[in-house]
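As given, the protein sequences belong to chains A and B, one line each in that order.
In short: position in the first sequence from 1, add 41, done, that's this note's numbering.
In short: position in the second sequence from 1, add 24, done, that's this note's numbering.
Treat each hint with caution, since some may be false.
[Claimed, not checked] In silico EDC-like links for lysine to aspartate or glutamate, alpha-carbon gap of 16 angstroms or less: (1) B:Lys215 - B:Glu172; (2) A:Lys181 - B:Glu316; (3) A:Lys180 - B:Glu267; (4) B:Lys327 - B:Glu316; (5) B:Lys29 - B:Asp244; (6) B:Lys28 - B:Asp233.
[What the hints assert, rightly or not] Stretch by stretch, here's where chain B covers chain A in the computed footprint (C-beta under 8 angstroms, at least three residues): (7) 152–159; (8) 168–177; (9) 253–262.
[As the list claims (entries may be wrong)] Derived DEER-like restraints, expressed as beta-carbon distance ranges: (10) A:Phe270 - B:Asp141: 38 to 48 angstroms; (11) B:Glu289 - A:Lys131: 55 to 65 angstroms; (12) B:Asp57 - A:Asp265: 20 to 30 angstroms; (13) B:Asp57 - A:Lys308: 38 to 48 angstroms; (14) B:Glu239 - A:Pro102: 56 to 66 angstroms; (15) A:Asp179 - B:Val80: 21 to 31 angstroms.
Because the hints were derived from the structure by calculation, they are not lab data.
It should be emphasised that the depicted structure is a prediction, and the values quoted were computed from it without experimental measurement.
Don't be surprised by glycine CBs; every beta carbon is placed ideally from N, CA and C.
These are the residues of each chain, in order.
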Amino acid sequence: MISKEKTRELEKMARQLRRHIIEMTCAAVSGHPGGALSAADMVAALYFYKLRYNSQDPSWPERDRFVMSKGHAAPVLYAALAEAGYFPKKYLKTLRQLGSSLQGHVDMLSVPGIEMSTGSLGQGLSAANGMALAARIDKKDYHVYCMLGDGECQEGQVWEAAMTSAHHRLDNLTVMVDRNKYQIDGKVEDIKNIEPFALKWKAFGFNVLSCDGHNMKAIIEALDRATDFKGKPTVIICDTVKGKGVSFMEENPLSYHGKAPTPEEEKKALEQLCHIEEFKI
Amino acid sequence: MNEKKLVATRDAYGKALVLLGEQNPNIVVLDADLAASTRTSMFAKEFPERFFDMGVAEQDMISTAAGLAASGKIAFASTFAVFGAGRAWDQIRISVAYTRQNVKIVVTHGGITTGEDGASHQANEDLAIMRAIPNMTVIVPADAIETEKVIKTAALFYGPMYIRLSRGKTPLVYESKDGDFKIGKGIVMRKGRDVTIFACGIMVDKALDAALALEASKIDCRVVNLHTIKPIDKELIIECAKETSAVVVAEEHSIIGGLGSAVAEVLVENCCVPMARIGVSDMFGESGKPEELLVKYGLTSQKIASAVLSVLKRKL
Ligand SMILES: Cc1ncc(C[n+]2csc(CCOP(=O)(O)OP(=O)(O)O)c2C)c(N)n1
Chain A
42 MISKEKTREL EKMARQLRRH IIEMTCAAVS GHPGGALSAA DMVAALYFYK LRYNSQDPSW
102 PERDRFVMSK GHAAPVLYAA LAEAGYFPKK YLKTLRQLGS SLQGHVDMLS VPGIEMSTGS
162 LGQGLSAANG MALAARIDKK DYHVYCMLGD GECQEGQVWE AAMTSAHHRL DNLTVMVDRN
222 KYQIDGKVED IKNIEPFALK WKAFGFNVLS CDGHNMKAII EALDRATDFK GKPTVIICDT
282 VKGKGVSFME ENPLSYHGKA PTPEEEKKAL EQLCHIEEFK I
Chain B
25 MNEKKLVATR DAYGKALVLL GEQNPNIVVL DADLAASTRT SMFAKEFPER FFDMGVAEQD
85 MISTAAGLAA SGKIAFASTF AVFGAGRAWD QIRISVAYTR QNVKIVVTHG GITTGEDGAS
145 HQANEDLAIM RAIPNMTVIV PADAIETEKV IKTAALFYGP MYIRLSRGKT PLVYESKDGD
205 FKIGKGIVMR KGRDVTIFAC GIMVDKALDA ALALEASKID CRVVNLHTIK PIDKELIIEC
265 AKETSAVVVA EEHSIIGGLG SAVAEVLVEN CCVPMARIGV SDMFGESGKP EELLVKYGLT
325 SQKIASAVLS VLKRKL
């Protein structure tokens with residue numbers, strides 16, 4: 042059981058990641074805030090509760106791996122890596138600028154701590170499987186995590202990969218789906234429905250869990266159940282809100298898939314994302 | 025003329041993989057339901073725990089290979105050339121090449137000599153689309169002996185590679201295993217002063233035949249095996265163009281984007297000389313016996329010889 046204080050701390054970290062996302066994309070005048078914000082609680086839970094890593098030794102062979110398959114959610118991953126000490130936070134505002142390491146979509150060769158380059162949707166789960174298979178060959182006990190978007194699950198390769206995870210009974214693999222119900226052109230159910238989603242994963246041979254992707258305690262519990270489960274890979278379908286934490290983005294998720302906040306919007310968003318302790322002062 | 029000794033490059037690949045597997049526990053092999061055809065089945069038999077048959081899922085195979093490589097493995101991934109290069113192009117581009125992963129994509133059934141299976145299975149465009157990807161090394165060995173060297177070299181070389189082999193048994197152009205193989209360094213197979221024939225894969229043998237046939241007409245052909253399509257051996261191409269002042273390129277690939285294009289790119293910027301290309305013109309293949317198709321699509325030593333005569337006429 043995770044303590045109340047630790048949960049609070051993680052919630053605060055998630056808020057901090059959201060603040061970075063807003064500041065980074067605003068400074069870049071481009072980027073994908075919506076799907077980064079929806080993933081912030083899950084990413085906070087991974088980097089500040091679940092993953093074993095050493096930010097001073099990014100290629101430590103025993104480390105857990107995280108593959109961000111929805112590579113456009115780069116800002117939330119960069120924010121977490123900076124908070125975890127992989128690189129100085131001051132770099133965050135160089136996002137998407139010429140000469141910056143912080144590429145528009147995640148690039149493993151330019152940023153320490155990134156396990157796989159993505160940006161072309163659908164490829165990450167296959168790569169995560171490769172890492173999980175390597176762990177098995179090497180008799181290492183690291184765990185591999187992979188985050189998918191729900192729109193991304195329209196890619197055929199995701200299901201090719203799901204068959205691979207299940208065929209090899211990769212219980213050292215946990216998939217998290219950011220089920221925010223939106224893609225670029227509209228709602229996932231209107232563009233090309235992926236339901237019955239949990240049943241699909243079940244039919245493909247996964248242990249299927251679901252949780253409120255903005256409830257830290259629920260995310261933590263699901264992650265712990267996932268890593269305890271043996272014999273099958275686990276998927277956690279995390280019910281989320283695109284643009285979570287910023288009212289005008291939550292209300293208009295389609296506009297903020299790939300559009301940065303203006304400086305006025307940034308101000309408004311940061312007010313909404315202020316830490317409660319600070320608010321009290 | 026002596027009977028030519030025929031050995032399939034894919035057989036050489038299968039054997040080389042087993043040798044490598046014995047020497048290096050980090051070698052893993054993936055296939056996409058064509059292990060018997062690509063000969064990765066030989067590795068699978070010896071090292072089942074390091075072999076993954078990914079089923080009919082080439083995209084998944086390539087990105088999985090990238091994940092294995094990202095965890096320290098040397099990953100060989102095999103299928104037919106059409107499916108390896110074509111079906112999984114975006115996966116090769118992002119999961120493998122952008123990340124500079126140590127993945128060796130070794131495909132068999134390259135080119136029109138895939139034969140009876142017809143156009144769907146004849147990769148005539150793969151070199152063009154692989155060559156266009158940054159960080160990618162592209163190699164077409166000339167025979168089974170060279171294939172063994174290429175596969176051994178690939179295991180030592182860090183980075184993405186595309187290696188294209190054939191389906192059928194093809195003539196050995198090397199008599200022994202002596203001689204170095206260096207990525208990116210063409211091999212002069214025959215000296216000559218009048219014209220240079222650059223070739224790769226099965227066309228090296230045909231270029232040598234053409235050169236032999238042209239001896240009777242007192243034409244002195246140089247033949248160069250440009251096994252590495254990328255990085256192309258610019259220095260050697262320029263040197264040969266300067267010394268012989270005429271060039272013919274022969275490849276079992278579309279004339280668009282392959283070895284002919286790569287050589288033309290070097291020549292046009294450095295040393296323009298009369299040049300002719302032998303390759304499949306801009307069209308799909310069809311079913312037929314490999315030998316029949318080679319004749320129908322103009323990939324013969326006779327065609328190379330006539331191309332030589334035509335460039336020599338244009339040479340002032
Ligand atoms: C292969 C591929 N096709 C198209 C795109 C363009 N694209 C970027 S994000 C996106 C929608 C993704 O939706 P989802 O996975 O639900 O992401 P989220 O809503 O969480 O941001 C698309 C189509 C892409 N990056 N890759």
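Going down the list of hints, with the structure as the test:
| no. | hint | result |
| --- | --- | --- |
| 1 | B:Lys215 - B:Glu172 | violated, 25 angstroms |
| 2 | A:Lys181 - B:Glu316 | violated, 53 angstroms |
| 3 | A:Lys180 - B:Glu267 | violated, 58 angstroms |
| 4 | B:Lys327 - B:Glu316 | holds, 14 angstroms |
| 5 | B:Lys29 - B:Asp244 | violated, 25 angstroms |
| 6 | B:Lys28 - B:Asp233 | holds, 11 angstroms |
| 7 | 152–159 | holds (count 4) |
| 8 | 168–177 | holds (count 9) |
| 9 | 253–262 | violated (count 0) |
| 10 | A:Phe270 - B:Asp141: 38 to 48 angstroms | holds, 44 angstroms |
| 11 | B:Glu289 - A:Lys131: 55 to 65 angstroms | violated, 43 angstroms |
| 12 | B:Asp57 - A:Asp265: 20 to 30 angstroms | violated, 37 angstroms |
| 13 | B:Asp57 - A:Lys308: 38 to 48 angstroms | violated, 56 angstroms |
| 14 | B:Glu239 - A:Pro102: 56 to 66 angstroms | holds, 60 angstroms |
| 15 | A:Asp179 - B:Val80: 21 to 31 angstroms | holds, 28 angstroms |
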